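Participant: Here are the chains, one letter per residue:
Protein chains: 2
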Amino acid sequence: MASNEENVVFIGNKPVNSYVLACVTQLNEGADRIVLKARGRAISRAVDVAEVLRRRFMKDLIEIEDIQISTEQIETREGNVSNVSAIEITIRKKN
Amino acid sequence: MASNEENVVFIGNKPVNSYVLACVTQLNEGADRIVLKARGRAISRAVDVAEVLRRRFMKDLIEIEDIQISTEQIETREGNVSNVSAIEITIRKKN
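Here the protein sequences come in this chain order: A and B. Sequential numbering from 1270 applies to the first sequence in the working numbering. Sequential numbering from 1270 applies to the second sequence in the working numbering.
In short, the hints are calculated from the structure, not lab data. Note that this is a predicted model, so its numbers are computed, not measured. Treat the hints loosely; a few may be bogus.
Same chains, same names: a pair is fine if it fits in one copy or spans any two.
[Said to hold, decoys possible] With a straight-line Cα cutoff of 30 Å, these simulated DSBU-like cross-link-like pairs (lysine-lysine) come out:
#1 Lys1362 x Lys1306
#2 Lys1363 x Lys1306
#3 Lys1283 x Lys1328
#4 Lys1283 x Lys1306
#5 Lys1362 x Lys1328
#6 Lys1362 x Lys1283
When you get a sec, could you build the whole thing from the sequences and use the hints?
Facilitator: Here it is, written out as structure tokens:
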């Protein structure tokens, strides 16, 4: 895995620790930066993942670089467009 | 209401629009800045409130100034300490 590559972890409905493990693996394999992406109700879980990483598993090794929120438009099965909030939390290794 | 006062809106389990209305009211009464605070599952709703304000009700009038995430410790009824994620979204009027 290239060291400067941007790694994205999409947060869904799995337990927090499964995403934490995915992040720890990517960081240990050489990623300098990970972007956690979530929409709708999974936004709370993305914050949980970032906080568990920062306070427990990668304590003093990573920091929150940036947090962005946005609105995404999703097409429903009926063809309507629905708005859903989204978050991107960028985590990076400390120097 | 003092113009430079920091106004906090705690996001809980009510519908998104009730918090949006609280924010619009404070901004119209002279607040320059509002901090949305939420914990746990309400984090997603805080993002919804910020996005609805920014994209619909106060379009072009406000911007997201800052987003911070943290972990808070809550004491349960049994006296145990439990960790919960939290978010603070600071919204300000554009100049």
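Participant: Indicate, hint by hint, whether the structure satisfies it.
Facilitator: Do the hints match the structure? See the list:
1. In the homo-oligomer, the alpha carbons of lysine 1362 and lysine 1306 lie at most 30 Å apart both inside one protomer (18 Å) and across protomers (27 Å), since each shortest distance falls under that limit.
2. Both within a single protomer and between protomers do lysine 1363 and lysine 1306 lie at most 30 Å apart by alpha-carbon distance, with minima of 21 Å and 27 Å respectively.
3. In this homomeric assembly, lysine 1283 and lysine 1328 come within 30 Å of each other (Cα to Cα) only inside a single copy, at 23 Å, whereas the closest approach across copies is 35 Å.
4. In the homo-oligomer, the alpha carbons of lysine 1283 and lysine 1306 lie at most 30 Å apart both inside one protomer (14 Å) and across protomers (25 Å), since each shortest distance falls under that limit.
5. With identical chains, the CA atoms of lysine 1362 and lysine 1328 are at most 30 Å apart within one copy only, with a shortest distance of 10 Å there and 36 Å across copies.
6. For a Cα distance limit of 30 Å, the shortest separation of lysine 1362 from lysine 1283 inside one copy, 25 Å, qualifies, whereas the shortest one across copies, 38 Å, does not.
Hint violations for this structure: none, all hints satisfied.
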